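Chemist: What follows is the residue order along each chain.
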Amino acid sequence: ATQAAVAATDISKLPRVKQELVAPPAVPKHDQVAKGGPKVVQVRMETVEKLVEVAPGAKVWALTFNGSVPGPLIVVHEGDYVELTLSNPKESTLAHNVDFHAATGALGGAGLTLVQPGEEVVLRWKAVKPGVFVYHCAPGGTMIPFHVISGMNGAIMVLPRDGLKDAAGKPYQYDRAFYIGEQDFYLPQDEKGNFKEYASPAAGMHEMLELSKGLVPTHVVFNGAVGAITGDNALSAKVGEKVLFIHSQANRDSRPHLIGGHADLYWVGGSFSDTPLTSQETWWIPGGTAVAAAYEFHQPGLYVYLSHNLIEAVLLGAALHMNVEGEWNDDLMKQIKAPDSFDAKAAMDH
Amino acid sequence: ATQAAVAATDISKLPRVKQELVAPPAVPKHDQVAKGGPKVVQVRMETVEKLVEVAPGAKVWALTFNGSVPGPLIVVHEGDYVELTLSNPKESTLAHNVDFHAATGALGGAGLTLVQPGEEVVLRWKAVKPGVFVYHCAPGGTMIPFHVISGMNGAIMVLPRDGLKDAAGKPYQYDRAFYIGEQDFYLPQDEKGNFKEYASPAAGMHEMLELSKGLVPTHVVFNGAVGAITGDNALSAKVGEKVLFIHSQANRDSRPHLIGGHADLYWVGGSFSDTPLTSQETWWIPGGTAVAAAYEFHQPGLYVYLSHNLIEAVLLGAALHMNVEGEWNDDLMKQIKAPDSFDAKAAMDH
Amino acid sequence: ATQAAVAATDISKLPRVKQELVAPPAVPKHDQVAKGGPKVVQVRMETVEKLVEVAPGAKVWALTFNGSVPGPLIVVHEGDYVELTLSNPKESTLAHNVDFHAATGALGGAGLTLVQPGEEVVLRWKAVKPGVFVYHCAPGGTMIPFHVISGMNGAIMVLPRDGLKDAAGKPYQYDRAFYIGEQDFYLPQDEKGNFKEYASPAAGMHEMLELSKGLVPTHVVFNGAVGAITGDNALSAKVGEKVLFIHSQANRDSRPHLIGGHADLYWVGGSFSDTPLTSQETWWIPGGTAVAAAYEFHQPGLYVYLSHNLIEAVLLGAALHMNVEGEWNDDLMKQIKAPDSFDAKAAMDH
Ligand SMILES: [Cu+2]
Ligand SMILES: [Cu+2]
Ligand SMILES: [Cu+2]
Ligand SMILES: [Cu+2]
Ligand SMILES: [Cu+2]
Ligand SMILES: [Cu+2]
Ligand SMILES: [Mg+2]
Ligand SMILES: [Mg+2]
Ligand SMILES: [Mg+2]
Ligand SMILES: [Mg+2]
Ligand SMILES: [Mg+2]
Ligand SMILES: [Mg+2]
Ligand SMILES: [Mg+2]
Ligand SMILES: [Mg+2]
Ligand SMILES: [Mg+2]
Chain A
1 ATQAAVAATD ISKLPRVKQE LVAPPAVPKH DQVAKGGPKV VQVRMETVEK
51 LVEVAPGAKV WALTFNGSVP GPLIVVHEGD YVELTLSNPK ESTLAHNVDF
101 HAATGALGGA GLTLVQPGEE VVLRWKAVKP GVFVYHCAPG GTMIPFHVIS
151 GMNGAIMVLP RDGLKDAAGK PYQYDRAFYI GEQDFYLPQD EKGNFKEYAS
201 PAAGMHEMLE LSKGLVPTHV VFNGAVGAIT GDNALSAKVG EKVLFIHSQA
251 NRDSRPHLIG GHADLYWVGG SFSDTPLTSQ ETWWIPGGTA VAAAYEFHQP
301 GLYVYLSHNL IEAVLLGAAL HMNVEGEWND DLMKQIKAPD SFDAKAAMDH
Chain B
1 ATQAAVAATD ISKLPRVKQE LVAPPAVPKH DQVAKGGPKV VQVRMETVEK
51 LVEVAPGAKV WALTFNGSVP GPLIVVHEGD YVELTLSNPK ESTLAHNVDF
101 HAATGALGGA GLTLVQPGEE VVLRWKAVKP GVFVYHCAPG GTMIPFHVIS
151 GMNGAIMVLP RDGLKDAAGK PYQYDRAFYI GEQDFYLPQD EKGNFKEYAS
201 PAAGMHEMLE LSKGLVPTHV VFNGAVGAIT GDNALSAKVG EKVLFIHSQA
251 NRDSRPHLIG GHADLYWVGG SFSDTPLTSQ ETWWIPGGTA VAAAYEFHQP
301 GLYVYLSHNL IEAVLLGAAL HMNVEGEWND DLMKQIKAPD SFDAKAAMDH
Chain C
1 ATQAAVAATD ISKLPRVKQE LVAPPAVPKH DQVAKGGPKV VQVRMETVEK
51 LVEVAPGAKV WALTFNGSVP GPLIVVHEGD YVELTLSNPK ESTLAHNVDF
101 HAATGALGGA GLTLVQPGEE VVLRWKAVKP GVFVYHCAPG GTMIPFHVIS
151 GMNGAIMVLP RDGLKDAAGK PYQYDRAFYI GEQDFYLPQD EKGNFKEYAS
201 PAAGMHEMLE LSKGLVPTHV VFNGAVGAIT GDNALSAKVG EKVLFIHSQA
251 NRDSRPHLIG GHADLYWVGG SFSDTPLTSQ ETWWIPGGTA VAAAYEFHQP
301 GLYVYLSHNL IEAVLLGAAL HMNVEGEWND DLMKQIKAPD SFDAKAAMDH
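Chains as they are written, first to last, in this note's numbering: chain A, 1 to 350; chain B, 1 to 350; chain C, 1 to 350.
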């Protein structure tokens with residue numbers, strides 16, 4: 001795809017729309033097929049430092065965009081311009097910026113957006129590549145892994161102007177979309193095995209980075225905490241609905257799986273300009289990538305969406321729940337005989 | 001692919017066939033192109049708990065399907081129904097079930113198949129997605145990673161009714177097929193470094209799970225033990241034969257490689273509804289996935305098939321041997337000059 | 001692709017050309033589209049054992065091909081014959097050989113090339129698979145991981161005779177190519193945390209291998225040392241140029257990312273016979289694989305190419321710099337408002 005320049009005066013004449021960002025796993029309201037030509041999509045993000053509980057007894061100074069881990073999903077169409085206002089409140093203790101993997105040049109914008117506490121910056125960039133992409137804070141040097149493993153990352157979805165296509169090249173419309181941000185945390189423990197709490201983000205930085213060199217996180221979570229998307233917060237859908245799952249991991253590899261379902265479509269690397277793969281049992285996220293997968297639900301009941309390293313899913317936290325309503329389909333699955341005692345000798349003759 | 005419901009009365013009229021499951025790396029007898037319409041394929045699996053030696057001096061209470069790690073490969077065609085009888089002998093110490101990644105709903109069947117010691121259950125499900133897929137025990141909570149990393153997993157191959165297709169869309173027939181199940185074990189050691197032996201599966205569970213949180217296995221093996229597929233148990237084939245390698249890893253990422261060969265065809269995620277990749281030196285298995293790769297052998301001799309993290313292959317156990325008979329082809333490779341002493345000065349003038 | 005045998009007498013009549021190998025990240029001079037028919041491409045490699053500094057205070061006995069980590073890139077076309085002279089100087093302390101993932105049979109040539117100190121061998125093999133492929137030393141048993149994690153690996157590029165094709169099947173010509181070899185090192189430390197220095201390669205082997213079983217490297221570097229491709233050694237290109245990045249990792253998984261850019265094209269597994277993926281933010285290298293990605297630069301400035309596990313990139317060393325000259329394009333990105341202090345109350349009304 002050519003990335004032909006548009007004169008600056010042209011951009012000034014484009015429609016300007018504000019996008020209200022929402023906390024994950026929700027996604028902002030958007031059209032799947034773009035209405036009209038390119039727009040300037042205005043978004044605001046604030047850098048928020050806050051002490052959050054990742055699991056009972058395990059707290060971290062989360063560095064965030066808009067207060068959530070991950071930050072909010074932004075949605076635009078290919079050819080649109082993103083105009084970001086990034087503000088760092090004066091209560092912050094650190095400088096922050098943003099590197100958009102979807103952007104071109106200046107380290108993804110990181111080189112033009114570093115804001116000290118009390119500062120604000122405005123950056124405009126053109127979305128030239130369709131797909132889902134990570135964004136994250138990248139203030140330089142060891143601050144880069146520190147901010148990212150402290151939660152400072154999110155994703156943007158750049159839809160093709162005419163929407164998604166399935167593996168046969170036919171238009172694909174989803175009924176619901178969810179954004180799942182997976183986060184690896186490296187929380188230092190004291191000699192008794194209790195997680196340490198620090199007075200500020202910087203106070204824990206050295207120990208967290210030293211621990212992180214071992215490359216084994218203490219927690220791997222969806223939406224910032226173990227169990228954040230279960231119970232009342234579980235996702236929901238109905239039989240017959242097509243659901244788009246956008247999943248980002250800004251730092252570490254992951255392998256999403258939907259227990260009892262599949263990826264009917266999976267876009268490798270999250271690229272919407274490639275033909276999606278189909279019928280995937282488990283898919284793949286290289287660290288530093290957002291991907292997308294779609295599934296049409298055929299059975300009601302509880303689904304678990306997780307990273308299929310089951311140690312990470314069950315013991316470290318990388319799992320969420322989803323409730324699907326509808327009619328059970330005996331053709332797809334049926335319990336022919338309920339669990340019952342049996343006669344081993346008779347079974348041998350079977 | 002639509003997953004149209006078939007009336008239950010119709011299923012009752014379908015042909016019923018029993019499939020004799022065999023121990024890996026063998027695969028059950030099967031047609032590559034389906035004969036006739038959909039069938040109900042009946043299989044029996046028994047949950048077997050047994051103390052096995054993973055490597056000299058390293059024993060584990062293996063939790064298995066049919067006594068092998070991995071469990072047996074099941075082979076059906078798309079549109080067939082799998083009718084599984086799962087029995088848990090009364091000598092067992094734990095409850096077990098099965099989650100088929102190839103199935104739809106009820107947590108892949110796990111929600112309908114939990115059998116206590118002495119119980120039996122029958123589940124029927126329709127194979128709607130073509131490909132190779134993991135199945136594994138998933139009894140809930142921490143029992144899930146415990147049973148899976150104790151060996152309780154296997155795979156099913158759901159062939160397209162008209163067989164496999166190569167990258168050009170032409171029918172592809174294999175001459176042999178092997179099923180390789182890769183298993184990561186996390187075996188606790190005592191203070192002297194000796195692997196600990198426990199009186200029962202449950203006795204070692206807590207320590208094994210604690211160790212597993214570090215995400216580094218003590219052993220990574222094919223067919224349940226270091227060296228299980230070497231020597232007399234090595235695979236074999238002939239020059240000119242096409243061999244299908246089905247490889248599953250139910251929990252942890254892997255990267256198969258055939259030393260001296262390639263994947264002529266590699267189905268990403270094991271999906272047979274996608275065009276296979278070609279000419280792959282090493283391929284990829286996200287944890288929780290079964291994949292397939294095919295190679296036509298062109299040279300005789302010893303081949304090593306391994307996970308190409310060479311530390312895992314050589315030091316942790318993820319390697320097997322294969323002997324190929326036939327005529328050597330000098331065109332493909334020839335030793336022009338055997339190793340011999342040389343004159344370094346002359347070489348410099350070369 | 002058929003791999004039809006060519007009579008040995010025919011090979012003797014083919015043109016013979018010597019290829020001068022160069023130290024990475026440079027690549028040898030080559031034609032992208034082959035001129036004429038198949039050739040015998042003669043290359044020489046010497047096994048060199050040398051003590052090198054991976055990072056300040058961290059030395060390793062590097063085992064190398066031609067003195068660099070990674071070894072040099074070889075470039076041929078599909079159907080060409082590689083004729084390698086491998087010499088092991090008598091000053092060496094170990095036997096070495098070479099396993100080409102691009103070759104067929106004899107363990108990729110490893111079975112025919114083992115040279116003791118003071119020996120030389122000549123091996124010819126036919127390049128039948130197009131793509132980029134790892135080669136590495138594989139002397140057997142624990143020597144295999146030891147030599148590979150000590151740096152003894154490189155890559156070969158086998159170009160299609162008619163050159164590369166983009167995702168639409170159109171010819172793709174690159175303006176520059178770079179070869180990045182990523183290396184994981186496992187350097188033992190003493191009780192004070194200082195990296196240990198050994199008198200010879202063999203002296204450190206046991207401790208290095210024991211450490212490696214933990215699967216967590218102490219260093220992950222490009223071109224053999226932390227910061228090897230930064231400052232005066234940084235890569236360079238111009239806006240409008242298409243750059244091919246060949247990246248190998250002989251042992252461990254990696255996830256390349258170009259900060260501020262993308263992979264316009266990414267060949268999975270490095271296979272040039274497959275349609276490349278497009279618009280990738282981050283791509284994937286299974287351990288034991290060389291891959292290729294291409295990008296046309298659109299903005300000037302500093303780029304960082306890294307493994308997007310940011311801990312590995314920043315704390316362990318897997319990053320390089322690239323300087324791109326040209327005109328800034330405001331359409332693609334523009335700082336609308338420089339960082340400045342702001343009034344939080346006004347922002348709320350915004
Ligand atoms: Cu930040
Ligand atoms: Cu990044
Ligand atoms: Cu079980
Ligand atoms: Cu599973
Ligand atoms: Cu060597
Ligand atoms: Cu290899
Ligand atoms: Mg993406
Ligand atoms: Mg479906
Ligand atoms: Mg019961
Ligand atoms: Mg599969
Ligand atoms: Mg072949
Ligand atoms: Mg000799
Ligand atoms: Mg390759
Ligand atoms: Mg471009
Ligand atoms: Mg300032």
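Certain hints may be false.
[Claimed, not checked] With a straight-line cut-off of 27 angstroms between C-alpha atoms, the simulated BS3-like cross-links for lysine-lysine are: (1) C:Lys242 with C:Lys170; (2) B:Lys192 with A:Lys165; (3) C:Lys242 with C:Lys165; (4) C:Lys35 with C:Lys18; (5) A:Lys196 with B:Lys213; (6) B:Lys192 with C:Lys170; (7) B:Lys39 with A:Lys337; (8) C:Lys35 with B:Lys213; (9) A:Lys213 with C:Lys213.
[Said to hold, decoys possible] Rough simulated footprint, nothing fancy, chain A against chain C, three-plus residues with beta-carbon under 8 angstroms: (10) 247-257; (11) 277-287; (12) 292-305; (13) 320-334.
What the hints contain is simulated information worked out from the structure, not anything from laboratory work. Note that the structure is predicted; figures quoted are calculated from it, not measured. Virtual Cβ for every residue (Gly too), placed ideally from N, Cα, C.
Chemist: Each hint needs a verdict: does it hold in this structure or not?
Modeler: Quick rundown of the hints versus the structure:
Straight-line distance between C-alpha atoms of Lys242 of chain C and Lys170 of chain C comes to about 15 angstroms, which keeps the hinted pair within the 27 angstroms bound. Of the supplied pair hints, the one linking Lys192 of chain B and Lys165 of chain A is violated, its CA atoms being roughly 59 angstroms apart against a limit of 27 angstroms. Restraint check for Lys242 of chain C and Lys165 of chain C: the C-alpha separation of about 13 angstroms stays at or below 27 angstroms, so the hint holds. Taken as a hint, the Lys35 of chain C and Lys18 of chain C pair is honoured in the structure, with Cα atoms around 15 angstroms apart against an allowance of 27 angstroms.
With a C-alpha separation of about 19 angstroms, the suggested pair Lys196 of chain A and Lys213 of chain B falls inside the 27 angstroms cut-off, and the hint holds. A hinted pair counts as satisfied when its Cα atoms are at most 27 angstroms apart, and Lys192 of chain B with Lys170 of chain C does not qualify at roughly 62 angstroms. This hinted pair checks out: Lys39 of chain B and Lys337 of chain A have alpha carbons roughly 19 angstroms apart, not beyond 27 angstroms. Taken as a hint, the Lys35 of chain C and Lys213 of chain B pair is broken in the structure, with Cα atoms around 56 angstroms apart against an allowance of 27 angstroms.
At most 27 angstroms may separate the alpha-carbon atoms for a hinted pair to count; Lys213 of chain A and Lys213 of chain C meet this at roughly 16 angstroms. Judged by the Cβ-Cβ criterion of 8 angstroms, the region 247-257 of chain C is covered by chain A as claimed, because 3 of its residues qualify and three suffice. Judged by the Cβ-Cβ criterion of 8 angstroms, the region 277-287 of chain C is covered by chain A as claimed, because 8 of its residues qualify and three suffice. Three residues within the 8 angstroms Cβ limit are the bar, and the region 292-305 of chain C against chain A gives 7, so the coverage statement holds.
With 7 residues carrying a beta carbon less than 8 angstroms from a beta carbon of chain A, the region 320-334 of chain C meets the three-residue requirement, and the given coverage holds.
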